[in-house]
Amino acid sequence: MSTPDPLPEYLRQSPAVAARFAKLKERPVVMEIDRLSRQFPGEHGPVTALRDISLKIHRRELVCVIGPSGCGKSTLIRIIAGLDEPTSGRMLVDGKETSGPSPERGMVFQGYTLFPWRTVKQNVLFGLEMAGRASSEAEADARQWIDLVGLRNFADNYPHQLSGGMKQRVAIARALAPNPRVLLMDEPFGALDAQTRAQMQSHLLEIWRNVDVTILFITHDLDEAILLADRIIVLKANPGEIQEVIEVSVPRPRSLEQLQSPEFQATRRRLDELIHPKLHAPAEHLPITRLTQVGDDVE
Amino acid sequence: MSRPRWFAVRQELSPLRRRLLGGVAFLLPLLLWSIVSYVPFIWHPNIKVIEPGEVSWMRPGLQIPRADFAKEVATAQAAGVRPPTGERANPIYLPPPHAVGRALYTAFTTAPVLKGDLWLHESLAMSLKTIFWGFLISSAIGVPLGILCGAFVSASRLSEPFVDFVRYMPAPAFGALMVAVLGIHLEPKVAIIVIGTFFQQVLVVANTVRKVDGGLIEAAQTLGAKRRQLVLRVLLPASLPDLYNDLRILLGWAWTYLIVAEVVGVSSGITFFINQQAKYRSFDNVYAAILIIGFIGLATDQVLAFVGERLFVWKNPRPSRVRRFISATMARLLPAAPTEETTPAA
Numbered sequence: 001m002s003t004p005d006p007l008p009e010y011l012r013q014s015p016a017v018a019a020r021f022a023k024l025k026e027r028p029v030v031m032e033i034d035r036l037s038r039q040f041p042g043e044h045g046p047v048t049a050l051r052d053i054s055l056k057i058h059r060r061e062l063v064c065v066i067g068p069s070g071c072g073k074s075t076l077i078r079i080i081a082g083l084d085e086p087t088s089g090r091m092l093v094d095g096k097e098t099s100g101p102s103p104e105r106g107m108v109f110q111g112y113t114l115f116p117w118r119t120v121k122q123n124v125l126f127g128l129e130m131a132g133r134a135s136s137e138a139e140a141d142a143r144q145w146i147d148l149v150g151l152r153n154f155a156d157n158y159p160h161q162l163s164g165g166m167k168q169r170v171a172i173a174r175a176l177a178p179n180p181r182v183l184l185m186d187e188p189f190g191a192l193d194a195q196t197r198a199q200m201q202s203h204l205l206e207i208w209r210n211v212d213v214t215i216l217f218i219t220h221d222l223d224e225a226i227l228l229a230d231r232i233i234v235l236k237a238n239p240g241e242i243q244e245v246i247e248v249s250v251p252r253p254r255s256l257e258q259l260q261s262p263e264f265q266a267t268r269r270r271l272d273e274l275i276h277p278k279l280h281a282p283a284e285h286l287p288i289t290r291l292t293q294v295g296d297d298v299e
Numbered sequence: 001m002s003r004p005r006w007f008a009v010r011q012e013l014s015p016l017r018r019r020l021l022g023g024v025a026f027l028l029p030l031l032l033w034s035i036v037s038y039v040p041f042i043w044h045p046n047i048k049v050i051e052p053g054e055v056s057w058m059r060p061g062l063q064i065p066r067a068d069f070a071k072e073v074a075t076a077q078a079a080g081v082r083p084p085t086g087e088r089a090n091p092i093y094l095p096p097p098h099a100v101g102r103a104l105y106t107a108f109t110t111a112p113v114l115k116g117d118l119w120l121h122e123s124l125a126m127s128l129k130t131i132f133w134g135f136l137i138s139s140a141i142g143v144p145l146g147i148l149c150g151a152f153v154s155a156s157r158l159s160e161p162f163v164d165f166v167r168y169m170p171a172p173a174f175g176a177l178m179v180a181v182l183g184i185h186l187e188p189k190v191a192i193i194v195i196g197t198f199f200q201q202v203l204v205v206a207n208t209v210r211k212v213d214g215g216l217i218e219a220a221q222t223l224g225a226k227r228r229q230l231v232l233r234v235l236l237p238a239s240l241p242d243l244y245n246d247l248r249i250l251l252g253w254a255w256t257y258l259i260v261a262e263v264v265g266v267s268s269g270i271t272f273f274i275n276q277q278a279k280y281r282s283f284d285n286v287y288a289a290i291l292i293i294g295f296i297g298l299a300t301d302q303v304l305a306f307v308g309e310r311l312f313v314w315k316n317p318r319p320s321r322v323r324r325f326i327s328a329t330m331a332r333l334l335p336a337a338p339t340e341e342t343t344p345a346a
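Here the protein sequences line up with chains A and B, keeping their order.
Just so we're aligned: the first sequence equals residues 1 to 299 in the working numbering.
Just so we're aligned: the second sequence equals residues 1 to 346 in the working numbering.
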């Protein structure tokens, strides 16, 4: 085995990627999060889950939020969706302050949350019905979204007849149907098996390429974040604060083959250091005694 | 593989065995009853007089305890008079199965003893009417109120403590009051059933609505659903199958209140029939009437279960055979588009 090439600096961008980011930053800001904090009452005084989170997301940007468990990623996305209230700070979409949930911020949950009494088509129609859209026009719209996620032949099936991956596609179509400005995704592929997850990641990129939507994606899977994101927001726990924002230098269009590319590996290593600092420190000695008799020593 | 066992902890039985046991569940009590009725030496504590002999007070058909009868026979023999003869019999309150079976038919065809009393079918119609109105009125208020309590914590805090309090008051305790307020005919009986059902109903319905997955509410909110839509378009349809089952169970409770309701004011309906027949000591008719209540209850429940399964297809994870056939054929006829997963997980 030859010695591997030294990895490039993870922030170094090729000219094409740098140009892309420059263009991206010229686009209007769709969503702005301004010094958002959230405290929860705890046994020994309030616990700060999020502190002073500020973030600007440009139009058609795909931003991933990543962090160790308990860093408040889910709290953050729930506040953005309007399902939870911040203790302080504010949220703007297209320059207007938000209050409460709204179809302009569509959400895809980890637990699918499809309406089990509605068929695939009726699920996708839900948001359009809430908006009071005329039914024939809305149905044509719903059909388009179902086609987009590749479920044409399952339009009249009930959720319990679908696999996990298919359910999550319905959830994506349902969230996109009312034309949200921002699509919020809370670990949407976390419950799927590895193979389906990989399929869904490419599928999401494909959808994003064809739809004018800005995506905020929460995950704890480092590869997933690098594969999908323009920028990765790395949170740290206790209190939940932004640790670092990484502009991913992996060129687009992305594919699973890039997992081995030097840019990918460099970013991956940096994320690893940020999220699992313990793994890179020398292992602490655990007092383990041998409990069973072993015939031969395999060490 | 070894043969499936009859007693394996928490293991499903084959459909055949399930049906078999279901049949045995009914046959076993019937068998027990038949043995006690037809095999003389099992119980039969009485002697039924066939021929009174020269014992002046005996009449054919009279039943007396075996010991007393033996004493009379001994006395008669000692006095040199003709002793009475008789056969062993069960007490009159335990008629044999065939007598009850016959009564199931004859109870409908026999005119009431007193002129003006109701025939059995009229009594039954009366009971069904009482149940119907009682359950309808209770549900018409109880179900919406329960849904409100399940949807809004403030509604629940406002009504449930009081509902919980009244729930512990036995419905029959309101009997005298209801007669004073509503008269002696149908109305107070319906009221008793309403009182007995309503308060339970509110709590049960509220609980069922509360069990709806909160994720569905949140998903609906992010899709633009407002308060009214969350209740009517999410909570209601999501809990409908369970509400339907709740009502099925509550209908069973309404039947138990029927019997006490019917002795309030002027005794009426199936209870009146049962009490009358017991007075005439026609216990075969009494059993027949009780069995008929059971049959009506079981039949309604089965019909409602059958209807419910078809009403809420989305809740039923096991598609019917017809449905499976259709979807299998469809899958064969329409090759899936390349982007699609062709095998949904079972």
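Hints are computed from structural coordinates only; laboratory data are not their basis.
Fair warning: this is a prediction, and the values are worked out from it, not measured in the lab.
Check each hint, because a few of them may be wrong.
[To be verified] Listed next, the in silico DSSO-like pairs over lysine-lysine satisfying Cα-Cα at most 30 Å (straight line):
#  : chain 1 : residue 1 : chain 2 : residue 2
1  : B       : K226      : A       : K121
2  : B       : K48       : B       : K71
3  : A       : K25       : A       : K278
4  : B       : K115      : B       : K226
5  : B       : K115      : B       : K129
6  : A       : K56       : B       : K226
7  : A       : K96       : B       : K226
8  : A       : K121      : B       : K211
9  : B       : K315      : A       : K121
10 : B       : K211      : B       : K226
11 : A       : K236      : A       : K121
12 : B       : K48       : B       : K279
13 : B       : K315      : B       : K226
14 : A       : K236      : A       : K96
15 : A       : K56       : A       : K25
Results for each hint:
no. : hint              : result
1   : K226(B) x K121(A) : holds (21 Å)
2   : K48(B) x K71(B)   : holds (15 Å)
3   : K25(A) x K278(A)  : violated (35 Å)
4   : K115(B) x K226(B) : violated (63 Å)
5   : K115(B) x K129(B) : holds (23 Å)
6   : K56(A) x K226(B)  : holds (28 Å)
7   : K96(A) x K226(B)  : holds (20 Å)
8   : K121(A) x K211(B) : holds (25 Å)
9   : K315(B) x K121(A) : holds (17 Å)
10  : K211(B) x K226(B) : holds (20 Å)
11  : K236(A) x K121(A) : violated (40 Å)
12  : K48(B) x K279(B)  : holds (20 Å)
13  : K315(B) x K226(B) : holds (25 Å)
14  : K236(A) x K96(A)  : holds (29 Å)
15  : K56(A) x K25(A)   : holds (10 Å)
In summary, the structure is inconsistent with hints 3, 4, 11 from the numbered list given earlier, while agreeing with the others.
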